[in-house]
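S.K.: What follows is the residue order along each chain.
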Amino acid sequence: MKTTNIMIVGVGGQGSLLASKLLGRLLVDEGCDVKVSEVHGMSQRGGSVVTYVRFGEKVYSPVITEGEADYIVSFEKLEAARWASCLAKGGQIIVNTQEIAPMPVIIGNAEYPSEILGELTAKGVRVDAVDALSMAMEAGSAKAVNIVLMARLAKHFEIPFEKWVAAIEKTVAPKFIALNRRAFEIGYHA
Amino acid sequence: MKKLLIGNEAVSRGLYEGGIGLVSSYPGTPSTEITEFLSKYDDIHSEWAPNEKVAMEVAFGASLGGVRSACAMKHVGLNVAADPLFTMSYTGVNAGLVICVADDPAMHSSQNEQDSRHYAVATKVPMLEPADSAEALAFSKAAFELSERFDTPVLLRMCTRVAHSQSVVEVGERVAPEPKPYIKNGAKYIMMPANAKRRHPVVEARTEALAEFAETCPFNRVEWGDREIGIITSGTPYQYVKEVFGDRASVLKIGMPNPLPKRLILDFAAKVKRLYVIEELDPVMETHCRVLGLDPIGKSLFSPIGEYSQETVAAAFGLPKKPTVSPESATPARPPMMCAGCPHRGMYYTLSKNKITVLGDIGCYTLGAVPPLSAVDSTLCMGASVSGIHGFNLAQGKTAEGKTVAVIGDSTFMHSGITGLVNIAYNASNSTVIILDNSITGMTGHQQNPTTGYNIKGDPAAKVDLESLCRAVGINRVRVVDPYNLAECDRVLKEELAAEEPSVIISRRPCVLLKYVKTAPPLRVDSEKCRSCRRCMGLGCPAIRIKDKKVQIDPTLCVGCEVCEQLCAFGAIGKGGDAQ
Chain A
20 MKTTNIMIVG VGGQGSLLAS KLLGRLLVDE GCDVKVSEVH GMSQRGGSVV TYVRFGEKVY
80 SPVITEGEAD YIVSFEKLEA ARWASCLAKG GQIIVNTQEI APMPVIIGNA EYPSEILGEL
140 TAKGVRVDAV DALSMAMEAG SAKAVNIVLM ARLAKHFEIP FEKWVAAIEK TVAPKFIALN
200 RRAFEIGYHA
Chain B
21 MKKLLIGNEA VSRGLYEGGI GLVSSYPGTP STEITEFLSK YDDIHSEWAP NEKVAMEVAF
81 GASLGGVRSA CAMKHVGLNV AADPLFTMSY TGVNAGLVIC VADDPAMHSS QNEQDSRHYA
141 VATKVPMLEP ADSAEALAFS KAAFELSERF DTPVLLRMCT RVAHSQSVVE VGERVAPEPK
201 PYIKNGAKYI MMPANAKRRH PVVEARTEAL AEFAETCPFN RVEWGDREIG IITSGTPYQY
261 VKEVFGDRAS VLKIGMPNPL PKRLILDFAA KVKRLYVIEE LDPVMETHCR VLGLDPIGKS
321 LFSPIGEYSQ ETVAAAFGLP KKPTVSPESA TPARPPMMCA GCPHRGMYYT LSKNKITVLG
381 DIGCYTLGAV PPLSAVDSTL CMGASVSGIH GFNLAQGKTA EGKTVAVIGD STFMHSGITG
441 LVNIAYNASN STVIILDNSI TGMTGHQQNP TTGYNIKGDP AAKVDLESLC RAVGINRVRV
501 VDPYNLAECD RVLKEELAAE EPSVIISRRP CVLLKYVKTA PPLRVDSEKC RSCRRCMGLG
561 CPAIRIKDKK VQIDPTLCVG CEVCEQLCAF GAIGKGGDAQ
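So the protein lines, in turn, are chains A and B.
Just so we're aligned, residue 20 is where the first sequence starts under this note's numbering, counting upward by one.
Just so we're aligned, residue 21 is where the second sequence starts under this note's numbering, counting upward by one.
Keep in mind that the hints were calculated from the coordinates and are not lab data.
Idealized CB from N, CA, C, for every residue including glycine.
One or more hints might be untrue.
30 Å max Cα-Cα, derived BS3-like pairs, lysine-lysine [stated by the list, open to error]:
#1 B:342 / A:40
#2 A:194 / B:538
#3 B:23 / A:162
#4 A:162 / B:595
#5 A:77 / B:273
#6 B:477 / A:40
#7 B:341 / A:77
#8 A:194 / A:40
#9 A:40 / B:22
#10 A:77 / B:293
#11 B:569 / B:375
#12 B:23 / A:182
#13 B:22 / A:174
#14 B:567 / A:162
#15 A:40 / A:174
#16 A:108 / A:182
#17 B:293 / B:319
#18 B:477 / A:189
#19 A:77 / B:22
#20 A:189 / B:535
#21 B:23 / B:60
#22 B:477 / A:162
#23 B:60 / A:40
#24 B:342 / A:174
#25 A:142 / B:567
#26 B:60 / B:535
#27 B:204 / B:144
#28 A:194 / B:535
If you only want the chain A side, here are some residues facing chain B, beta carbon under 10 Å, derived [to be verified]:
#29 117
#30 138
#31 142
Extracted from the complex, chain B is given alone in its bound form (with noise of 0.2 Å):
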């Protein structure tokens, strides 16, 4: 049956067929749909874990335990993961374990630009890279076999481009293998170093074997058209190429980019008569070719930043530009913000106020950032905040302790702040951390974590207690405000930067786009009364703006918070007022 799926499903669907048992992930745009899809099945195990690393060791286990299993993350969530994929390389697998990362050229909702291959170079481990939802499937479902064939983990390399991108695929039947039965085997499942010593020439060879196998792989394969222009590439430029060119140049479509073949590009190579190199990101295979000796054009003419497009590809070629039309007025930029009635922006506004200084972290509150509240000061990575703060502490003394915080949400808490915690109470850091717990993994759309009480199914689970955790790695100071209150945000935040210990703030309020979240009506304002003083502007919110001089109330955009009103120093807004 021909459907149209996102990339994601389609790798889903394909792990699926290809007769996976388990999958555990931690979500991360643009790879979290591929775990959400196989939860939908009822006849394999599927889980979040609390980060990659976590993840990735779930589905070694239950690989060495005879399963097939797979997890998925974002580029990022690969450097987290990277600990027990690199010596993964060396064990190999019992049954096939796949390994899907998704990257995100042109950063539409990621911290860096990584360009993932270089770890499958760097592990020595295979990797694959569909360029649509039909090779998503089809590249999957392979995945499997020769995870097995080879005796190695499997890296899937997705893009944003190809992971939230619907074509049109056919699905097929679940082939699900018998689980292989689990034989203790020392020499190669653990790795102290005279086991390892003999497993890594095993990889060399492996490497080798796999090198062999690309030169004729289905995953590579040769497209001739006319030879003036010959264009390596793989993902998404292949799209764009075809677009651009059609048949009148001739391509070689890598599907296998680690380990990359050497008599099929060379061949290729001799057969046009001149050859490019076209990839997203770093020059991973070009650098390939110049290792064969050849002289590709490739980033010479194609930047190493950000997406490509059929229009970065015509312009590369100096193919004319299409025409266009703009108005004269310049357009606003709209860029992403926090909702109306968004809990954080209490805590933020707080923040703001009393000119604090704020190590941020990964997720919707790093929209706290942005003017006017423009409250956070740094963000690294996951759980960088809580880590990141004792430093700063120790190296700008006493008076920066009493007006600093480190800002985290509940599942980036969960993810890796735990660890930060427990180093900052070892270490006696007179710090303040603030966990911001919405009650829900929000910016990667609203997955459940370990403080949701909910697993990834939606049934009841057990539910970390984020005060006893707390307390429990030696925090004696522990607070909880409601963000809607602005009185006690302020209060209790001057009260814990002004004691002399390490004290947490829990913010707690559920995400406002929660179905089980009760919004209040929109408020009103009273345009008798406003004074057009601008105070509720400082929130940032949304749903308010200025018009002839006068704050307006969008009433489709308010869910009724409260926290402008609170502000207002006439009483000009409630839920009286003027009508719109």
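With the rest of the complex left out, here is chain A (with noise of 0.2 Å):
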């Protein structure tokens, strides 16, 4: 079984600590070996974060470098385009196509490359870009953003929705279960 690679990647504060928990609970469910990581501390108030997650037989390094992920899962445009590097040929990118300006572009010394999804697509790389903010909302809160882009991962892999749906059960505290499960469906069917 060869090791999956994949990276979360994001705007400190975005919420992707519980998807890297789902996956963790999810894959280790499925008995495979697993590493996530993923750097605390001054990356995350407001900074660029990733969190690596690989799973197969057996796992060694915890990290992912360039050219290996299979799959790049960010929260942010301009965050997907900064890891691309790190794809593997033939990977897929899934990205929230929300825009949150760095310091850079909100002090006016950077313009925010908005058409940048565009540059990998004519390179060839597999890009799914969704409006997943739009979704969160209508599945009833902003929050729920990591879920639909774990539901939009899902779609690539062959363990049934249900295991998915069991994993969030498990992982979000009993309130927001209704709630995970709605974006997940929403995130999955679109």
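Dock chain one against chain two, each of which comes alone in its own frame, and use the hints as you go.
M.R.: In structure tokens:
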């Protein structure tokens, strides 16, 4: 069994922690060896954040480097482009089309590259660009963006829908299960 | 049961299973979760101490009192606690004592990249180093027995990638030994010269015994593969080596980096064709190999700077790079920044506007250094702002005194700012200190501290009264301001800088991310009134941006703090205005 590499990237505070927790839970239940690596601390304060999820028969390194990621799940458009060099040949990007301006853009020292996903598509990269924020709001909360994106990722896996939902139920607090289940369904069937 | 745990939770589980009775720590990335997870066990005592030295001495006292104990800190925390550690090496322990220290190669959240293994060598204390969560659990659990068997504190070295990576572990049962009796033994525990002189040879003999133990101990192991390449490695670099080579190289995996074995290494070296040492940061194992007369390839090929990865290892061995794609357009950097509604922002804006020299400190508020506020002049270590401003003002003279402040957070002030303030009062320094009191230890992820009124479990605790404390050490001018009120900040800052005596300004408002803090609805910009003067942009608030030459406020980020509203000369920002 080949090791599969997933990167979850975004802006500090966007909720990538729950996404990696969900994936970890699901994959351990599937009997895989799993490593999940993220960096806490300073990078959480609105900075660029990245979580590595690797699974397979035996996983050694906790990190993913250039040209290795089978999937990049990005919570924000610019972040998808920033980490694109980590994508393996034939890899898939799943990206929330939300734009969050970084400080150099906020203070007018740089432009937000709004057309950047097109540049990647032009180079043959498979990009699934979704308005996960609107879908999450439709489900009931902007905070469910993470689950919508996980649903988009789930479509690429052979693990059945019900198992994903079961993992969600084990990962989130009971009062948020209905909301997250809705978000997962919306993302999965969109 | 199989569980996916981060390294730090695995350490806490290992310490728990190993029979820990007490943990005392000061938070510090990437070590904080060790103590946080331990605090969830109700059958042990857990606490936050004001700093690492206090924490380590509490743990020492508990060990002396017969209970297995531990403390956890980041690498620079060990500098603070180095004083007790050097002499605890001499006293040894009663019950087992484990000191967890987390290094931060690549400085994800630190001010330097020091290698804690040097402390193990310098203090002559054994050190264990796990490479994943399963080892983190096993090594922490075994550390108590090692500590008691060799009568020594044991250092457990973590690094960011082990501390904050989750991997699969099998949890076991807790085995808590009966507390040991305390027997008065001055020759062992009173380190005055006559006794210490008799303890030093004991330390040397212990090191020899530990070195012998290292030859066959379960922490070090050989994984034979192809013998063309032999690699001595430890910690996460072991994982990168295995990722790249699998069994196409032989590996001597070191789990106890101090003291290092002799025969084990010489035997391994003799059986491989080319010998490499792959270790992050300093050449500690490589130097040991050289002392043994070997000539391994180490830092001539691998940098002493930053973290490694499988890519680093592959590149060093000349293996081909994997193909990559990148967009043509530049991707603007996204540095960390103060959150929307951060209470530090109003005070930093005031300092920046008045062109004040700011001696900074360690915490979220270090982020006041980045543009557009660019308000901070120096950041050294915990507490250095308060001590440093006194020296700076003496060196620069009268003109500097009215243009210079020290800034320090509430938790950092408790940690090691107080002594600096005592010095300011005692030596009649005309210095102004600003305590940025956001009522929590913020940067490490919201830990309670002696100023918050709650302990590690969230139960009510004695609360340090900062105003009374400052007065008690001899500061007569103590002012409190609300950093959301820019006019008040400006007025009080000017008054205190003008005063011809030491003063403290407490800039008080709780961290906006605290659950109990109620935020207001987002503000809006009236684009008819906005003249695009960009004055509000000077705050560096992540919720404010320019699009199509007009200011916009992101309603998903804005918490309605109204600081930008106070800056707008045209009344364009408020609760009304355009919808986004």
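S.K.: Hint by hint, work out which the structure violates, then give me just those numbers in ascending order.
M.R.: Violated hints: none at all, because every hint is consistent with the structure.
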